[in-house]
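We have chain A; now place chains B, C, D and E onto it with these hints.
Chains as they are written, first to last, in numbering that gives the first Met the number 0: chain A, 0 to 121; chain B, 0 to 332; chain C, 0 to 508; chain D, 0 to 102; chain E, 0 to 507.
It is possible that some hints are incorrect.
Said to hold, decoys possible - A few chain D residues that don't get close to chain C, going by computed Cβ distances all over 10 Å: (1) S6; (2) L9; (3) V10; (4) I13; (5) V17; (6) A56; (7) E74.
Claimed, not checked - Straight-line Cα separation of at most 20 Å, EDC-like style, residue types lysine to aspartate or glutamate; simulated pairs: (8) K116/A - D113/C; (9) K117/E - D460/C; (10) K72/B - E42/A; (11) K114/A - D460/C; (12) K114/A - D113/C; (13) K312/B - E42/A; (14) K115/A - D304/B; (15) K41/A - E73/B; (16) K116/A - D11/C.
Everything labelled a hint here was simulated from the structure, so no lab data went into it.
Here a beta-carbon is modelled for each residue, glycine too, at the ideal position from N, C-alpha and C.
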Amino acid sequence: MADLYSNNYLIVAIFFLLGIILPVGALTFGRFLRPHNPTPEKEATYESGMVPIGGSRVQFHIRYYLYCLLFVVFDVETIFLYPWAVAYRELGLFALVEMLIFITLLGIGLIYAWKKKVLEWE
Amino acid sequence: MGAYLAQPLTWSNALIFIISPIILLALVLGYVTYAIYAERKIQGWIQLRHGPNRLGPAGLLQTVADVLKLLIKEDVIPRLADKPLFILAPILAFVPSFAVLAVMPFTESIHFADLGVGVLYYIAVAGITTLGVMTAAWAGNNKYGIIGGMRAAAQMISYEIPLILSLVGVILMTGSLNLIEIVKKQEEMGFWFFIPQIVAFVIFIIASLAELVRTPFDLVEAEQELIASHMTEYSGFRMAFFMLAEYVYMFGMASITTVVFLGGWLPPFQFLSFIPGIVWFGLKFCAMIFFYMWLRATMPRLRADLLMQMGWKILLPLSLLNLFVTALLMEFL
Amino acid sequence: MESRWGPLAQYDWSVMAPEFTILAVVTLMTLIGLFTSSVKDRRFIGWLGILGCIVAAWFVFQNVGGGVVEILHGSFRVDAYGNIFKLIFLAGTAVTLLMSMNYIGDGEEIQHQDEFYYLALTALLGTMFMASSADLITLFVGLELLSISSYILVGIRKNNLQSNESAFKYLINGAIASAITLYGISFLYGLSGTTNIFLLAERLPEAFMAGNQFMIYLAFFLLFIGLSFKIAAVPYHMWAPDVYQGAATPVTAFLSVVSKAAGFALILRVVITSFIGVVDFGSDGGEPVGMIDEIMLIVGILAAISMIVGNTMALRQSNVKRMMAYSSIAQAGYLLVPFATFTVLMFEQTVFYLIAYLMMNMGAFAIIMIVTRDRDSEDISAFAGLYHRSPLLAIAMTVFLLSLAGIPISAGFFGKFYIFMSSLVMQNYWLAGIMVATSVVSYFYYFGIIKQMYMRPGETDSRLAVPASIIVIVVLAFIGTVGVGLVPGTLLDYIHTNFPFAEMIMAAK
Amino acid sequence: MSVPLTSYLLVALILFSVGLYGALTRRNAVIVLLSIELMLNAVNINFVAFAKYGVLANLTGQIFSLFSITLAAAEAAVGVAIIISLYRNRATVNVDEMDLLKR
Amino acid sequence: MENNMFLTLLTFSPVIGLVLLAFIPRAQVGALKLIGILATIPPIIMSLMMYAGFDYTQPGLQYAQNVSWFSIPVDQMAFPVAYQLGVDGLSMPLVLLASIIGFFAAIAGAVFIKKRWKEFFILFMIMLIGMLGVFTSQNLFLFFIFFEMTLIPMFFIMGIWGFEQREKAAMKFLLYNGVGSAIMLIVFVALFMNVWSLSFVEIKEALTNPISPFNIQESPSYITAGTRLGFFIALLIAFAIKMPIAPLHTWMVTAYRESPAPAVLVSSGVLIKIGAYGLLRFNVGFFPEAAQQLAGFLAALGVINIIYGALLALVQKNLKLVLAYSSLSHMGIVLLGVAAMNTVGFQGAIFQMVSHGLVAALLFFIVSVIFERTSTDELSDLGGLAKSMPFLGGIFLTAAMASAGLPGMSGFISEFTAFLGLFKEMPVLAAIGTLGIIFTAVYLLRAVLGTTYGPTPERWLKLADVQPLEALPMIIVLGFIVLIGVYPSVLSEPMQATLQNIVPRIGG
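The following block holds chain A by itself, in its conformation from the complex:
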């Protein structure tokens, strides 16, 4: 069993490794083929041909953050949903009720966000 476990993850690691090697290798290989003669114009930031105005590290609307928060809430919720779903058959109906309470609370969170106009994209 221990072998199965470690072998599985060995393969996963190989996949990751391959995923890194391919771009790195291809880009390194490409270096021998492609030209390289930079000019200031080439290296300028693209802004539809105009000279760029100001920096681009601009502040963003707060809604992005709010979506991010909502995501965290529901993503975390799924952490609990998955084990529950797997073990559901052993837990019985009561677990369903409990999960219902849990989801309802999160649902209220959603309603809250809804009512507070978080979900309106302007």
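Chains B, C, D and E only, in chain A's frame:
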């Protein structure tokens, strides 16, 4: 593969473990080359155009030529870019899209890692792609890029929730997170999960389109507004890797849809079981890919606000509801 | 009995009624709040919260005397210990809500009024779990529920820079503290393979014998350092002045009373239950030394430092809330003394003091709130001439301050007195000495306020308008403080007979 | 191919210390938050390592780490919210400049 | 359980005034003052009744009340704390003193207090309850509570109605006395820990009866001589602050200088006597051996107090400060009486307490009258007042003489008795102490003559003499002073039996 996995690690086994992913990688690259070609051809066909037809018979070598062209293009890194992140971003985008394939069972015997938590692995790793997009957007230091990147991130995280939740229904019915178990459960039940989990299936398809940032959810690539979004500052082969990642991710998404909802390698009817599983898998997979391309050719792009609202106000509650209906039905049927 | 409802349905869920009540009320408040956003005066949400507290308290009383009931594999435990703490929390929260009615009602400071009320109740829910859990996981979840709610509460005046800053500091410190606590818990788990504190108590001695002394001590230290954050005692006290100053006054009151009491509930239960059995037999065959003895010494030293630091630093403060923060550090020191002396009466003493503290501190903060808002200044000089502006309020404040300083006849005096007695009984003379000495030092700053109220001319002599809700709080707190001061035995006997703390380590029926 | 428990604990210890150091010394509020996440993740490593290789290995540790992940997420969310409101009012995320509350 | 309500009624009789005052609007100054004064009369009447009904032959407690109050749980046991009142020969004169001075101070309040009468009288009533309670309580805990009850109102009275530096003085007063009471509390609790009782009588019995287990070496609960000495010293420090004894006296000087007249009256008349009372009741009563051991030390302290106080009084330029240091000096005599460790000495000490209480109150009252008229109490500004205020000048001289120990006045009896007691034991110290008496006469005469005689400056010619309301209490108090002076048995007889009960145990 299962047999090798259970054995202690030997040099020959290790070699197999290394060679077989490389073969898969080669296959995937081949698939990408012709998926792009197919996409252009299919769009041409639907829109009554020809599509690529110059290079090679029926334009078959067009994509290959494109790749070669990209390879010899100059690699420009903008002066104001965050250089380490700029270089890292394409890799970050590509790695997860390929790594998700590690758990994909193509047939009962042709698969790689057989993780107990396959579904979770898929979701977890696939989530990293958002990071690639954001990194690219930030590193390029381009206004279009950052706006596009932010939008992409917002969209991807919004739709990740319904995507994940729609899978819970399947897991409830299977009682396992293992992808092979899920297929076996479908075999045992005699029908595929898209029938009992039709709602989840629809949600999953929609969400997966959004995750892939494909039409009708391709706001990120709205050229009219955002040039090329997070890829604006990228050129040459670096950009190619974003394209590659996109198509490989599509490969992964089509595969998981096939496995989870469409019965994987199972034949639609018992009497067709003499045809090998890999063929069935290939057929379903191709159907999914075709479906993606079909949509791209026919659907208009959604407006940003509607997109987000659909995710949160329709798909999310619906997927939660589905979850409970499933649980209740399991209890009382 | 395998019904389709599954094994979980076999538990007696009714013992969780107080928690369910609060949960339901929070839910209800949220929904009502969302769908009545057109109503201008949001106070009815707060009234709903208070009602919830009362109902929950009624349910707690139903559990009183019911013995030990455990549900969820012993992770939730209803016993006398938990019940009395829950009552303290409920009372404290109800008073906080009552106090904030006025704070919120007339000010523009808090835009998110509804949220204020919900978050107070969610924090309360966290404290109730902290009081009733016997499993480190649920304890930790309760702790975090409290913490996260209070971070937001502290920062709820979102356009106020001080409030932002203090919320940030509170959050950073709180998060570090919970990380440290968790790190300690992880070692406890690693050594014993369980998170149930009763199983821990069984297994820790074995682990200790197996040569893991160092890890156990490490775990204890980490746990204690992390938890000392909640009670604002040395070594993790430095956040208190900043946070108390920056938070809205009702929130400060909540932090100094409910949050602190919850910290004590947690520390006492975890540390005592799980470490009590650990005995060091020594390698050289010497006298066996219980780890609890060493813990007591350490806690004693920390208590002493808390008293000294709190009382001396308070002398330098001119901001009244900052001063109260140092005062509360000192009070935490006093409250740790029973733990350090560890008599059979430590729970009665702690609870008695906490009840006294609840009354006097809530009363004091209610008045501080009124005065600082009226003068728009939190400097001690805001109290100047209070006696002329509102004599009864000044008298009440005097009583609360005298009680905090530990002067008879007041609840605070007897709280201190009992603690003092037992530390002498246990021959902890140095601790008793420091306790008395620092109490005398504390006269300086408590009487500083009194001096302002009676002896300095204020900027104005106009009558101070005191809203009804504050009057109710002050009157209740006054009656409580003086009443308990006159007949301390009644309260102590009540605690003693109705809340037998031996239940804390008893097995469930 | 099993790694001894102590090396996991050591990694966790190093991570924890790095996090604590960062939380106490860094000036940027966001980095402080990140450092705290580092501390919490160190704890998770501990939990999972104990759950797998501990003397009395069982699943509780993994469950605990699930909870701690959740709470870390919540804490981070609130933390960033507070930083945002601070930034709005003060236009800085520099911890050193938060000196309004002194005496 | 005896349940004689008399002392409760006595102690809490000012409550009537308190309640009445609370209902009188603050604008009705006359009514406030009237009630304030009248409310101090019931205690006087009742203490006189108590005096009359006192059984001189009985050494034990009289009018005792013992009601259970609450219990202190200690390690599985609960020890009851009772509400115990009672008087014996030691405390009864002081109860009377407290009530007389209370009345006197109330009049001083009505005369000299210029603002916020309502608050003043309410605080004053609380303080009066405390003063009476300190002497009637027969229980350590109760004693402590009444003790604190005198402290807090005093703080307010000083801080609100005092002179320029009132707040500083009030704070200083509070801290010194706070430290004192804290030490006292520690000792009380420690005593309780050892003896498991809070009742004076029981503790005394336990600690001094040779057959009690605490005094038998072999018994497990034996209390060593070292421990007793420790208790004794700690208590000595606590009461030395209150009394005050020389190095710990600084609070008193500022307090007397900055306090309003009634506060000084009460403080010099009653409060500092609590220290002396405690010394007699606890130090000597509970730890006779230790007291015997340290008698020399006490006597030395007393002598230092007398000489130091007298010398400082001699050089003061301020009338009030002269009187303040004179108080210090006179408390040294009390200490000497205690140090004598015999019946005569104790008697002298109590005499001195009562006598000094009355005389000091009178003197301070007079100074306040002067200050009221002239707005100064600097000796250099004053002079020749006898011309415009003959009555006051006369009374002032008489009071000073009483203080200096002129025969026929209470001062003589008390000083004489105290020294007589000490001469029996420590003739040398007593001899040095008597030097102090000489100084007393010198500085008092210097002060009085400097104030009343000599050339009268222009601005003092128009001063009005004493008003009837001011004269009445002066005369009453002077009457008591003379009464004690000419007929000392009125005071000595009731205490005889009690003191004889204490003394045999000294020296075992």
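For each hint, the structure was consulted:
{"no.": "1", "hint": "S6", "result": "holds (14 Å)"}
{"no.": "2", "hint": "L9", "result": "holds (13 Å)"}
{"no.": "3", "hint": "V10", "result": "holds (13 Å)"}
{"no.": "4", "hint": "I13", "result": "holds (13 Å)"}
{"no.": "5", "hint": "V17", "result": "holds (12 Å)"}
{"no.": "6", "hint": "A56", "result": "violated (7 Å)"}
{"no.": "7", "hint": "E74", "result": "violated (5 Å)"}
{"no.": "8", "hint": "K116/A - D113/C", "result": "holds (16 Å)"}
{"no.": "9", "hint": "K117/E - D460/C", "result": "holds (18 Å)"}
{"no.": "10", "hint": "K72/B - E42/A", "result": "holds (15 Å)"}
{"no.": "11", "hint": "K114/A - D460/C", "result": "violated (47 Å)"}
{"no.": "12", "hint": "K114/A - D113/C", "result": "holds (13 Å)"}
{"no.": "13", "hint": "K312/B - E42/A", "result": "violated (43 Å)"}
{"no.": "14", "hint": "K115/A - D304/B", "result": "holds (16 Å)"}
{"no.": "15", "hint": "K41/A - E73/B", "result": "holds (10 Å)"}
{"no.": "16", "hint": "K116/A - D11/C", "result": "violated (41 Å)"}
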